Amino acid sequence: MTLNSLDVQNKTFNPQFRGFSKHEVDEFLDIVVRDYDEFAQTIKDQERELKALRERVKYFDDMKDSLNKSIVVAQDAADNLREQAKSEADTLRINSEKESADIIANAGQKSSLIIEAAKKEAGFILNAASDDARKLVRDTDDLKRKMRLYHQRMTSIIENQLASIQSDDWAEIFRPTQDYAINPEEKLQSIIEEHLENAESTLAKTQAIKPLTDEDIAQANETSDETETIVSEEIVVETEVPDEVKEEVEITDEANTTNDSNEESEVEAPKADDSEIFPELDSKAPAETAEVVEKDNQETIDLSELKN
1 MTLNSLDVQN KTFNPQFRGF SKHEVDEFLD IVVRDYDEFA QTIKDQEREL
51 KALRERVKYF DDMKDSLNKS IVVAQDAADN LREQAKSEAD TLRINSEKES
101 ADIIANAGQK SSLIIEAAKK EAGFILNAAS DDARKLVRDT DDLKRKMRLY
151 HQRMTSIIEN QLASIQSDDW AEIFRPTQDY AINPEEKLQS IIEEHLENAE
201 STLAKTQAIK PLTDEDIAQA NETSDETETI VSEEIVVETE VPDEVKEEVE
251 ITDEANTTND SNEESEVEAP KADDSEIFPE LDSKAPAETA EVVEKDNQET
301 IDLSELKN
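Counting from 1, one number per residue, gives the positions in the sequence shown under my numbering.
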């Protein structure tokens, strides 16, 4: 039987002789009851706390089991993932090595093809450049040859023209009219002969440079009238002359006005450009050179006709 504070407090004892003091016994019982109640309350509190602690321990034990199970599951999952990742990594490594080997092989083949194509293209370019260089050298030499020929022709023509200009015939032409007006027919004949000789020498030199063609002779015949007019201008006579000489004088008077205007317009001659100096570079220059030769030939032919 378990005692409690009420049992201790309600406990009664039979009085006997020489027994304990009732007051002291009651006080002691009160103390015992009080301490007993305190101890009982403390025990209850401790039991309640112990129960709570046991519940917590149980909760933690359950949690521990759950955590252990979770750890085991996580470990298994991690192991599986590690194995799977390792397997995939091995597969990827093998595939990447294979692909890299294929890429390297293809790159080597392509690079070889590109190098071969580049070498062929370089060879074609070098050959074309060499051909162009040789062609340029040939064209340059040909151009220099043409320029040299043109220079020689122009030098010869200019020298001939300069010799003709500096000849004594001009002094005879510029003599006063009264010096040879006494016998104009003889003077005319002598002037024509002198011009004919000069023209024949000029024609011979010109033909040595460029032979005459049928076209040149035809053009010379067409311009014979102009040459007759020029010769007539040089022998104007102020005194009485034969009818033939008078006709030439009239033609000369008409042509003087035209020649004066032409001489004024020709005073300021334009500067020759490159195309006039190098006719091989311009198609017009050879035509001008041909015209000079044609004029010389025409003068010679016209003077021959006048002499006849």
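None of these hints come from the bench; they were simulated from the model. What you are looking at is a predicted structure, and each value in this text was computed from that prediction instead of being measured. Treat the hints with care, as some may be off.
[Stated by the list, open to error] Label-pair ranges, simulated between beta-carbon atoms: (1) ASP79 with LYS110: 40 to 50 Å; (2) GLU116 with ALA78: 26 to 36 Å; (3) ALA78 with LYS58: 22 to 32 Å; (4) SER100 with LEU126: 34 to 44 Å; (5) LYS135 with SER156: 46 to 56 Å; (6) GLU116 with ASN80: 46 to 56 Å; (7) ASP61 with ALA85: 31 to 41 Å.
Idealized CB from N, CA, C, for every residue including glycine.
The hints, checked one at a time:
no., hint, verdict
1, ASP79 with LYS110: 40 to 50 Å, "46 Å, holds"
2, GLU116 with ALA78: 26 to 36 Å, "55 Å, violated"
3, ALA78 with LYS58: 22 to 32 Å, "30 Å, holds"
4, SER100 with LEU126: 34 to 44 Å, "38 Å, holds"
5, LYS135 with SER156: 46 to 56 Å, "31 Å, violated"
6, GLU116 with ASN80: 46 to 56 Å, "54 Å, holds"
7, ASP61 with ALA85: 31 to 41 Å, "35 Å, holds"
Going through the hint list in order, the structure does not satisfy hints 2 and 5.
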